[in-house]
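Take a look at the letters that make up each chain.
4 protein chains.
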Amino acid sequence: MEERPVRHVLIIANWGKTASHSLSQTIAEYLARKGITSKVFRTNAENEPLEVQDGTDLVICLGGDGTVLYCARYLQDLGIPILAINLGTFGFITEISVDEWQEAIEFYLSGKNCISRRLMIRTAVLRDGVKVFTGHGLNEMVVSSSGISKVISMALRIGDTDAGFFRSDGMIIATPTGSTGYSLAAGGPILDVDLSSLIITPICPFTLSNRPLVVSGESRITLTIPKGQRTGLVLSLDGQQTFPLMEDDVIVVEKSRSKALLVTSERRNFIEVLRDKLNWSGGGLHA
Amino acid sequence: MEERPVRHVLIIANWGKTASHSLSQTIAEYLARKGITSKVFRTNAENEPLEVQDGTDLVICLGGDGTVLYCARYLQDLGIPILAINLGTFGFITEISVDEWQEAIEFYLSGKNCISRRLMIRTAVLRDGVKVFTGHGLNEMVVSSSGISKVISMALRIGDTDAGFFRSDGMIIATPTGSTGYSLAAGGPILDVDLSSLIITPICPFTLSNRPLVVSGESRITLTIPKGQRTGLVLSLDGQQTFPLMEDDVIVVEKSRSKALLVTSERRNFIEVLRDKLNWSGGGLHA
Amino acid sequence: MEERPVRHVLIIANWGKTASHSLSQTIAEYLARKGITSKVFRTNAENEPLEVQDGTDLVICLGGDGTVLYCARYLQDLGIPILAINLGTFGFITEISVDEWQEAIEFYLSGKNCISRRLMIRTAVLRDGVKVFTGHGLNEMVVSSSGISKVISMALRIGDTDAGFFRSDGMIIATPTGSTGYSLAAGGPILDVDLSSLIITPICPFTLSNRPLVVSGESRITLTIPKGQRTGLVLSLDGQQTFPLMEDDVIVVEKSRSKALLVTSERRNFIEVLRDKLNWSGGGLHA
Amino acid sequence: MEERPVRHVLIIANWGKTASHSLSQTIAEYLARKGITSKVFRTNAENEPLEVQDGTDLVICLGGDGTVLYCARYLQDLGIPILAINLGTFGFITEISVDEWQEAIEFYLSGKNCISRRLMIRTAVLRDGVKVFTGHGLNEMVVSSSGISKVISMALRIGDTDAGFFRSDGMIIATPTGSTGYSLAAGGPILDVDLSSLIITPICPFTLSNRPLVVSGESRITLTIPKGQRTGLVLSLDGQQTFPLMEDDVIVVEKSRSKALLVTSERRNFIEVLRDKLNWSGGGLHA
Chain A
96 MEERPVRHVL
106 IIANWGKTAS
116 HSLSQTIAEY
126 LARKGITSKV
136 FRTNAENEPL
146 EVQDGTDLVI
156 CLGGDGTVLY
166 CARYLQDLGI
176 PILAINLGTF
186 GFITEISVDE
196 WQEAIEFYLS
206 GKNCISRRLM
216 IRTAVLRDGV
226 KVFTGHGLNE
236 MVVSSSGISK
246 VISMALRIGD
256 TDAGFFRSDG
266 MIIATPTGST
276 GYSLAAGGPI
286 LDVDLSSLII
296 TPICPFTLSN
306 RPLVVSGESR
316 ITLTIPKGQR
326 TGLVLSLDGQ
336 QTFPLMEDDV
346 IVVEKSRSKA
356 LLVTSERRNF
366 IEVLRDKLNW
376 SGGGLHA
Chain B
96 MEERPVRHVL
106 IIANWGKTAS
116 HSLSQTIAEY
126 LARKGITSKV
136 FRTNAENEPL
146 EVQDGTDLVI
156 CLGGDGTVLY
166 CARYLQDLGI
176 PILAINLGTF
186 GFITEISVDE
196 WQEAIEFYLS
206 GKNCISRRLM
216 IRTAVLRDGV
226 KVFTGHGLNE
236 MVVSSSGISK
246 VISMALRIGD
256 TDAGFFRSDG
266 MIIATPTGST
276 GYSLAAGGPI
286 LDVDLSSLII
296 TPICPFTLSN
306 RPLVVSGESR
316 ITLTIPKGQR
326 TGLVLSLDGQ
336 QTFPLMEDDV
346 IVVEKSRSKA
356 LLVTSERRNF
366 IEVLRDKLNW
376 SGGGLHA
Chain C
96 MEERPVRHVL
106 IIANWGKTAS
116 HSLSQTIAEY
126 LARKGITSKV
136 FRTNAENEPL
146 EVQDGTDLVI
156 CLGGDGTVLY
166 CARYLQDLGI
176 PILAINLGTF
186 GFITEISVDE
196 WQEAIEFYLS
206 GKNCISRRLM
216 IRTAVLRDGV
226 KVFTGHGLNE
236 MVVSSSGISK
246 VISMALRIGD
256 TDAGFFRSDG
266 MIIATPTGST
276 GYSLAAGGPI
286 LDVDLSSLII
296 TPICPFTLSN
306 RPLVVSGESR
316 ITLTIPKGQR
326 TGLVLSLDGQ
336 QTFPLMEDDV
346 IVVEKSRSKA
356 LLVTSERRNF
366 IEVLRDKLNW
376 SGGGLHA
Chain D
96 MEERPVRHVL
106 IIANWGKTAS
116 HSLSQTIAEY
126 LARKGITSKV
136 FRTNAENEPL
146 EVQDGTDLVI
156 CLGGDGTVLY
166 CARYLQDLGI
176 PILAINLGTF
186 GFITEISVDE
196 WQEAIEFYLS
206 GKNCISRRLM
216 IRTAVLRDGV
226 KVFTGHGLNE
236 MVVSSSGISK
246 VISMALRIGD
256 TDAGFFRSDG
266 MIIATPTGST
276 GYSLAAGGPI
286 LDVDLSSLII
296 TPICPFTLSN
306 RPLVVSGESR
316 ITLTIPKGQR
326 TGLVLSLDGQ
336 QTFPLMEDDV
346 IVVEKSRSKA
356 LLVTSERRNF
366 IEVLRDKLNW
376 SGGGLHA
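Chains as they are written, first to last, in our numbering: chain A, 96 to 382; chain B, 96 to 382; chain C, 96 to 382; chain D, 96 to 382.
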């Protein structure tokens, strides 16, 4: 266990949550007393450009799961750890609650708590052979209708193998971190956050025999959008960044080269969050 | 691509399937013409002891998925590849159909087709601190009622973490290979067979909020059976080997040290089997 | 068994399916030989106004399930039986296949085959106390996002009881006929088409503990759209008729006063269609 | 609203729950003060024969959902209302909590609260044409394995229609009251308790395409047990009464002629119990 040298911290505060106003100030002062400089970035929207000063050693994120997704996306290739303090309802990603902030930072500085290295996904859209979009996500990539009619069709390839043609309300390619997000609502399994796998979860598929499929994180997943759709289609990353699709577009999803570095809580791990959130010992059914 | 030197083959024939009677003979003669000796082992039950002669380079398995599970269990630590030819309805594990047998063997000898290295699980039962049972499985380990009353209770640990207390009809710990077996019927996801993960799927859980959970293949999963059960309990491996449990037993499930080596088909891979079996492009629902 | 006097028939032909061009002519000539006048209405879109001449005793519908939904909606309160001949892939609603058309019409005229009386739903939207929309559906009413962001929130009342507040991708209120449509894709149960019940199926609900709920066909189901939605909302009937919703709208769903009268096949009933479509004896899972 | 004349009450107390010891006495004294005679029956097991004195106008049941099931089964054809006071964890059937007992009895006597008339099922087993078993249930009838091997096969008929051949861990035929019991754990929908429908829910079916099916309460459902099972089979009613099955047995399930009469709470109805138990407004998923 070695001390972690931290000289400059970026505090990203979800300004929509008023608790972040004073907490960001309190944390900045606390860091200053330790000789650590910091800058507070106030965010109000999920697509605000985020500037990161050279020499930033740590990001402290004040908000909910959505704010962490935003940070992870914008910090994607910088290799800076994110210490997320949860200001909202108890989150799946933000394990550190607001009353633990000081302990968590101290643990981090003294090298005590771990860094969870989370798989992210990189999505590219090819149109007539030209890459027209690239983006990253910590939770998931979704292709779905952008309009009123919901059913879309698409072809799925996993690596070099044709995996079938789908009619559904959409398709989710989720990371382990994203397994407790939209994919779960669509019927997907929960994955331990440390796995290097991707989940392919169709949304309301047109056939009864379809099931969520978990593939290696090394897989290259390709979706193609055939002609003849009844609606516009849209690609969405972490529910925050969107890109309108066109017929014949080819969407390639792979793991990102970098991982998101999330500082974990000393008090509870992912399995314990699950146990409490999912209420496994919970209310009974059978008489 | 190198030739694979094969001198002696063990042919394991599910004698309950009459097609195996002549096919085992035909294959033995075919191998003899190539200067390869072979022995036919006729199996009628899932727990028949299986002797493997020293110097056996390859096992050819004639039967259905159940026969492969039997072979994998008995060959568990020998490192001998299994070339399974499907005599039954099209299987998930046995990708090679009966009319492809010669091509498949030739491909194998010439080094063409691949060997899929499949995670197996090792299960131990501790009673008063003493190991009273050890067994291996290629598909899954199930703890369930052995009697008329179905609901049992148990505590789950993943690694060192208490993952909750369950009331259910049972618990399945499945491998990726087993993800298309009993775990799927109980609502589990499908995993690419090459993953190193384990699936924890409760059977008819007493609570609505439970979901299948996929954890690392490095995980040590522990089930403990509290006092006060309303029924006898039984542990089952691959639906073939069973062991009666007692209250206070501790069941430890980990990946086996060795993997099952399954010769793959040149004609179709796992994703293609899925596509065809699961009929992803299949009959529609919405009007 | 009494003969059914038929003097005038309206033939509604889905002109997008070319098989309907000659078949509508053939049927008209066949009817003429029996002294029955007929008129062919060519439909190309799901919202084309449909005129029904006084004295029309029977509608013959040539198309797929979607064409029947269109007919049922436009004929909603006229009490005219619909004999639907399936021109597409085998449908859930259109049990009569194209090679059975003559037999089916003869059976109908001679009083042999039954008429299935199907519950329809009536949906009204109240805005500031004023009814701004009314429509009918044979399959389902859906409230969902009309835009890119998917999650909407709404409050559900069943009769006079507050049944909770939902966050989901939408809500389906389906009839028994609609139980094999979108509701099934969203995880709903299948209902015998002759039941007088409604199914409340949330789409990708935000909570794990939600389940589809079947209530009496006499129930008055009310959805209210609270302020603060992140997206536009739309109401959709049978996937064919849509109405844009606003915050504070109140949506009331009840059974329609009239039922859809569908002429059944002599050759197969709903359970047999299910058995064949759902492949209950189908491909196995466990090894 | 008329007063209900009550002269004699049978108090059935689940003696395993110690709270019932004093409460049964308190209620008996309370009734005596109103000039109502009563008798306390102490039950310890689910299959204890229950004697009901002539002239009993009301049964007060002290226990959990299981105790109500027991009462309903033994009182099946007597037409006596059951006022169930919940002594356990909050139940689906027992809506009246222990602190409401006096209010609930007073409301009942003054004719205020309603009586919910619940569908029950009657199950008969025919062996070589002879009826060898008859029983009733308020929740469900289950056919499943009685041994270690789980998979059984059976043929299903609904009315006169062959509905297919199943391989599964069993089959549940549930009432609306039973829809929140074992059927729910096996993936079935929730039905409003006042419906007259039956739910057919296969347990871990061998095929992906199967779904729970809701049919009319007038349906006659027949299960036949073909030869060649790998395990013993057992029929179970409400998880309390069992009957061992043999190959070639024919099981006929229909609604019982009488209904269970359950006194409802004034404070909450079924939908409200659902809302609170199922936590529809509960913890969120998407980030």
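Quick caveat, the hints were computed from the structure, so don't treat them as lab data. One should not assume that every hint holds.
The list treats identical chains as interchangeable, and a pair is accepted whether it falls inside one copy or across any two copies.
Claimed, not checked - Simulated crosslink set (DSBU-like; lysine-lysine; CA at most 35 Å straight-line):
#1 Lys207 with Lys322
#2 Lys112 with Lys322
#3 Lys372 with Lys112
#4 Lys207 with Lys350
#5 Lys129 with Lys322
#6 Lys226 with Lys129
#7 Lys350 with Lys129
#8 Lys112 with Lys226
#9 Lys350 with Lys322
Q) Where does the structure disagree with the numbered hints, that is, which hint numbers, in rising order? A) When the structure is compared with the hints, numbers 1, 5, 6, 7, 8 turn out to be violated.
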